[in-house]
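Going down the list, the sequences are from chains L and C.
Sequential numbering of the first sequence, starting at 2, is according to my numbering.
Sequential numbering of the second sequence, starting at 32, is according to my numbering.
Keep in mind that the hints were calculated from the coordinates and are not lab data.
Accuracy of the hints is not assured; some may be wrong.
Unchecked claim - Some chain C residues near chain L, calculated using beta-carbon distances under 8 Å:
{"no.": "1", "residue": "Pro380"}
{"no.": "2", "residue": "Ser1173"}
{"no.": "3", "residue": "Ser1254"}
{"no.": "4", "residue": "Ile1258"}
{"no.": "5", "residue": "Met1327"}
{"no.": "6", "residue": "Leu1331"}
{"no.": "7", "residue": "Thr1342"}
{"no.": "8", "residue": "Leu1344"}
{"no.": "9", "residue": "Thr1356"}
The C-beta atom is built at its ideal place from N, Cα and C for all residues, glycine as well.
Now for the letters of each chain:
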Amino acid sequence: MMASSYSAKDEDGHITVTGPGGAALRSKKPENTAFKQQRLPAWQPILTAGTVLPAFFIIGLIFIPIGIGLFVTSNNIREFEIDYTGVDESSPCFNCSQNFSWNSTQPCTCSIPFSLEQSYENNVFMYYGLSNFYQNHRRYVKSRDDSQLNGHLGSLKPSKECEPYAKHENKPIAPCGAIANSMFNDTLELFYNDPNGTKILIPLRATGIAWWTDKHVKFGNPGDGLNLTAEFQGTTKPVNWRKPVYELDSDPLNNGFINEDFIVWMRTAALPTFRKLYRIISRKDNMVPTLLRGNYTLEVVYNYPVRSFEGRKRMILSTISWMGGKNPFLGIAYITVGSVCFFLGVVLLLIHHKYGNRNNSADISN
Amino acid sequence: MEQLHWVRHRCRTLLAGNPEGGWHSAPDDLPNKSFLNAHCSLHRVRGKRRSVFARHGPHRQEYDTFSKSYKGNAIRTTKYRLLTFIPMNLFQQFHRAANLYFLFLALLNWVPAVEAFQKEITMIPLLVVLAVIAIKDALEDYRRYLFDRKVNNNVARVFCGKQKAYNDQCWKDVRVGDFVRLSCNEIIPADMLLLYSSDPRGVCYIETANLDGETNLKQRQVVSDLPLQGEEFTPESFPSRIECENPNNDLSRFRGYMEHPSGVRVGLHNSNLLLRSCTIRNTETVVGIVVYAGHETKAMMNNSGPRYKRSQLEKRLNTDILWCVVLLIIMCLTSAVGHGLWLKNLKDPVFGVNTDTSPALAGFYVFWTMIIVLQVLIPISLYVSIEIVKLGQIYFIHNDLDLYNEQLDSRIQCRALNITEDLGQIQYLFSDKTGTLTENKMVFCRCSIYGVEYPHVENARRLEVYEAEKNKAADHSVTLRSGCSAKSRSCRSLSCNRSSVSLHTLTADSEEEDEQLSNQIQARTSAFCSRMAKEVVPDPELVRKLNWFSSPLNEASSGTPSSLELAYITDFFLALTICNSVVVSSPSQPRHVVPEARTPLKSLEEIKLMFQRFSFPPFSALSTFSPPQIRGSPRNFTSRLFTRGKTGSFSPTANNATDGSEPGRDNDMDTPKLRCILDFSAPGEGGNAAQVEDDIKKDDIKDAKTSPDGPRQEVEVDSDSDVDDELLYEAESPDEAALVHAARAYRCTLRGRSPESLLVDLPGIGSLAVQLLHILPFDSNRKRMSVVVRHPLTGQVVVYTKGADSVIMDLAETSKGAEQAQEFHSHIKDQSQKHLDSYAREGLRTLCIAKKALEEEEYEAWLKRHLLAESSIENREELLLDSAQRLETNLTLLGTTGIVDRLQEDVPETIEALQRAGIKVWVLTGDKQETAINIAYACKLLRPNDRLLTANCGSKDACAAFLKELKLEVQCGQDGLTEAPAAGAHGESSSGSVSSFILVIDGQTLDWALQEELKRDFLELSSRCKAVLCCRSTPLQKSEVVRLIRDQLGVMTLAVGDGANDVSMIQMADVGIGISGQEGMQAVMSSDFAISRFKHLSKLLLVHGHWCYSRLANMILYFFYKNVMYVNLLFWYQFVCGFSGSVMTNSWVLILFNLIFTSVPPLIYGILDQDMPAETLKGVPELYQAAQTSKIYVPHMFWITVLDAFYQSLVCFFIPYFALTGSDVGILSFGSPINASALFIILLHQVLESHTLTWIHGLVLLLSGGSYFGFVLLFSVSCVTCSPPTNPLGVETLQMSQPLFYIICAVTTFTALLPRMLFRAVYSTVHRTAALKSSHVEKVESENYRKRMQRWNLSHHRVNRLPVCANNPGLEPSTLHTQTHTDRQRAV
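Based on the provided sequences and hints, a complete structural model is requested.
Take a look at the structure:
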């Protein structure tokens, strides 16, 4: 690689010696260029207290306001979280959590009352949260068939990665794989308990919760997506599912593989404690807050077992800001780092004062 | 010309090629060694012989049976064949442990239970590396193949039996037993026995430049007693059988015999053999029979493999890689155990996939998965990167203007490409003296004959003048430069391409080579480019004496020399003229090109005139050699001289005076001429008419009368005549050339040479043919050479011997003859010894000239045994040695010579700089102790207040005792010093106030000191001394010393030398440096770096060595940092994913992160970084010590780096973790800010670590960052269903559209880099960075230096006025010499 440049080294080409045959011979004198003589103009970043000091102050000055901003933003986010796993006997969902079977035809429901101290102004995002659920397990993450999910049923042959959830009763599973098989299937409904005592169902929007690219590019139903029942002929539903994939929703644009609940579930979470967007409570008009403060009831159709692995299920209501959900950490981190910088700046100033001057004087004396 | 091209190429590729060896040829299979140890192999008796019959001769049947097993002349140097390339190459590559490791990983990924990534992805790094290297190998091999084809298809004229004529045949079709006819300038296709030469004397000349780089001609002789000389050789009737030894690689030996049908056996030896790839010169046609062909030729068997040296840094690197392996295993074990425990605690998870595997087994699987996931921790790209970086470093070293020699037009040659950083760690430097510290341009300086010294004051003065004008002259004289440069060029082409290993090959392009080759012929015009060597100003006194007889005007002048003295003088000069192996050539010969346009060519008219004037029969035997410029001259002078000698005051034993008056058989050539005609002008100068001669005569007579300007005029005359003559002397050693030139200055000119005779011009006599009976060539055991001639004037058989003073003095006859004679001889000996001592003290090289006259019977007796020795096959060398030793006894000492060898420029400064850099400089020389000490003073190795410890012991016991004594003394001395003893050890004596010890040890004592029992004492003593001088050391001792120091002290050693005697030392040392000087190319061929001047060492070591070391060390540390930092991110993730081995990054990004996104900046860093500017490093050599003691790349630096990497990865992982925990972040979205911050951290970390940043750095950093973002963005847009398990679609685009991403990246990057930034700032403020310090020191230093220089100049001037030192230009006169001398004596 470098060797190729050897051929081009005699570019100056002044002829010093003439051979007997009259052949011109170029001098082998190396070219006197800044590059070849390693004299390229260079910036020498010698970090000293004197040079670093301003940088530290400046960074401190930048970070602390950012941190405060982040902290304030995070604090302004309304977030309400309720655990409905039903671990305690007192919990309304205790019974449902106790006797569980994937195939029970009788849905177990429980309702959890709660109250919001503050009203939620903007769009409210409703999440379900799972804990101790290792969606990031290596084998679990792999256990899917993107090609199938994209609408290529692949002559009914799911990818080998889906094993052992690739086939059931000699029929390919659609959607195959462990991720799909373990899809979250609780149904959550939210009621506002009017002070009058009436329960008002709060409308939950089930679309717009998945990424646009996922819904429109990555996931797709086989065929034209009009007659899903026919398209999914020859496949079987995942073992744990109660209904096949083409019955997830009545809306044909939210059914089959492009069902957004399904899409959201299929985007595996990075950490064992995670939340996933379930519904959006859109703000209807600007005058009324989305969720008034007051008492609410969460109606849960309890299907999803987590107690076997000591998991937890939560329902989260949250508004979001430009920086995402509520998380004070970044604000604190920025403030801390900024303060540390400031402090170090001061220390460096002292060091610079103590040593830097001596250098200068020494230089001057020479 | 065309042929020259490819032979040069072929040699090059042959040298580069290593047909058998793989990538890593074992270091012990250096064939060079076996070549070196030729002496040892001599004793090995080969059991088998080969018989060769003529292919088309009468012995058809025998030919068929015998020659079947002999190899044909086709050669194949390629490693691979077309079909087998891929398997062979893969096989070769998988000899590398790293490749095997990655193959193992790739295979591991195919195990389903363990599989971490897609199967293809783990193969990528391996495939990339394999492909790069395979392509490189293929190109190399293809080139080799092309050369082979060219060589094999080359045409030679081979005798064809059917047509009874020589037909053109390809080289590859030449078989053993073929007769090949070659013409002048053709290249020999195979090893052939010379059977016929068009030269009437049956000799031919070959040039072995293609083999060993020596451009002087070697004479080859037709097998003796072949009767066919003179007429065309008839191959079809060649009846003889040739028996010779089996093919071997000894270039200097060939033994065998030729058996004629009559049963007579004729001995064959090296001088009958024409070696493949040599070139026929000066001979019209030769015919030979092929005895070895193809791969069995000596040239091919001498193919040495590439040099493979492992650098010290690489060894360290390997231990750290082992640590990385340990780290990897720890991390994998942690994961395995963690996964097992996690799985054990897990009860029936809904997300479980293979819940039926037991936790232990799952843990086991995870262990292997993690090995795949964390594979990046073992830096696969590091080895490749190091090779690329070294290539870059070599490129810059090669292009350094400061290492370019303007005069020779030669750059530094880097031959070993993988030890650049070793240059930065040298602790011991072993230097040869002659040619390394000195110019090795020998100039005759003084001589002493008959016990009378001739100081040659004018000559010395002229040398000084020359010194001053040297630079100017160098610029002016185009001739000089062209000759030299072409030579050096040819040398380079020979030597530069032996390394074909792995990535390093710098295959020089062929065009350049072509150009070099086109100048081959020119290169030979002057073996020694020094005009100085040719110009010697004769000593007026000696001239007067020499011409005393021929000039009647001088008769009356004072100081009439005795006739005996005159005889001595004449013999002395005759010896100088003929006792050598110098080859004479003149421009009239085809191979020589007149280098200077101004050379006046003699007109035909003049030559005719000359012949008319002197009706002298041309010297027939030499007519092919020199133009007919022979002239008659009076014999009167000589006859008178020798008559007088006989009737002198006393008769000096069996000396030349016995039959002196008899004119001998040459008498008929005697043309009567007036005695008064003084043939003073340059002899053989055909253009001179009598009138001119007269003029010159007058001039010279005037000159002789002590007119001070005289000699100077003479110089002009002399130099003119030199140019006119254009006689070129090609000598094997510069000493010889210097002596011949010196003799020539006294009108004793060697005009021509043939195997049987020498043509010599003598003053007042004219041309004489001296019958040459034998040459006993120089060897290092005898330390002398002799010629046996029939004296042209007396007809006696005379032996002239020239050799080292120690040897000759012992051999000189002591007591024989009359008491008077004895006294007289001892007087001469004493005087000569005195002169020798004084020469040596002045740093001159001394030689003694002696003679011995033989009685006929004595000679006959010797001759018989000598011939016996010559024709024997076994033990020939020993027998010849014995024979020579028998002859060289009872010599009569004629005189001694002193030859000056000037120091190269800037040697003292270089040595001082090296010593200040903490490098211990040892000088290992074959010279005399006094000479060595003097040179050591001159080059400031010794300082006036250093204490000299001299070890000259007579026996081993004495040596042991003495070493102990010296040790005590040194200990006392060092303890007594107020300065810390470390000061001496570290060579920080720049102030000059510290007196340190210098050990001077001679060869014999060294022998004892190197023995097992005394080793330790010697080591201890020498390590306490600042410098050590080893005098009179043999090549073997040199390498022994290097080995001792290298192995026992475990230090980095460098050996520098220029001659064949330094080869073993150069090969032994960690870094071998050859100086491409006057003595062939052997040192260069075996060296790692070849420079042209000693002074280049200082920049090479102090600047390039330091840079290379610090660059590479920093780059390696950075590489480790980078890998540990990145891999740990993946490791930390295991804590949140149940140690299941999943990663938060797309596997493509993961693999390419190291391979592409962050691979180029470290390379740039490794090639371009300059931790300190070159001027500072040169100005403050002490800075070298940092690298020398491996301060940059030491274990704790490794661990600090690893710790820092841990910290950074923690920050880089956990800030995003805490920022995103509990949110709805997906795996890849989580990885996105982590990856981006890691990239920023890694790139900015490099900015922090870099000492210099140029636009190249900026560009590369930008491109690296850009390539990452470009790739991931493109990937996240386009990859719909690709990369199945972790589909990146839309992840990065979404992430990068959110402010959170940037907020996380900013705080992560800054926090990760904060400690290092802080540390650097505080450290450099508190300690002041070395650069700041050095710039400060530099100011002080330059001040000091200026003062020192002033002082030195003053003293120099003062001393220069002393006449004694004036003879020794270039050497700093040592005023304190006498003092130290007495010191030394006291020490002894």
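These are the hints, each one checked on the structure:
| no. | hint | in the structure |
| --- | --- | --- |
| 1 | Pro380 | holds, 4 Å |
| 2 | Ser1173 | holds, 4 Å |
| 3 | Ser1254 | holds, 5 Å |
| 4 | Ile1258 | holds, 5 Å |
| 5 | Met1327 | violated, 13 Å |
| 6 | Leu1331 | holds, 5 Å |
| 7 | Thr1342 | holds, 6 Å |
| 8 | Leu1344 | violated, 11 Å |
| 9 | Thr1356 | holds, 4 Å |
The structure does not agree with the numbered hints 5 and 8 stated previously, though it agrees with the rest.
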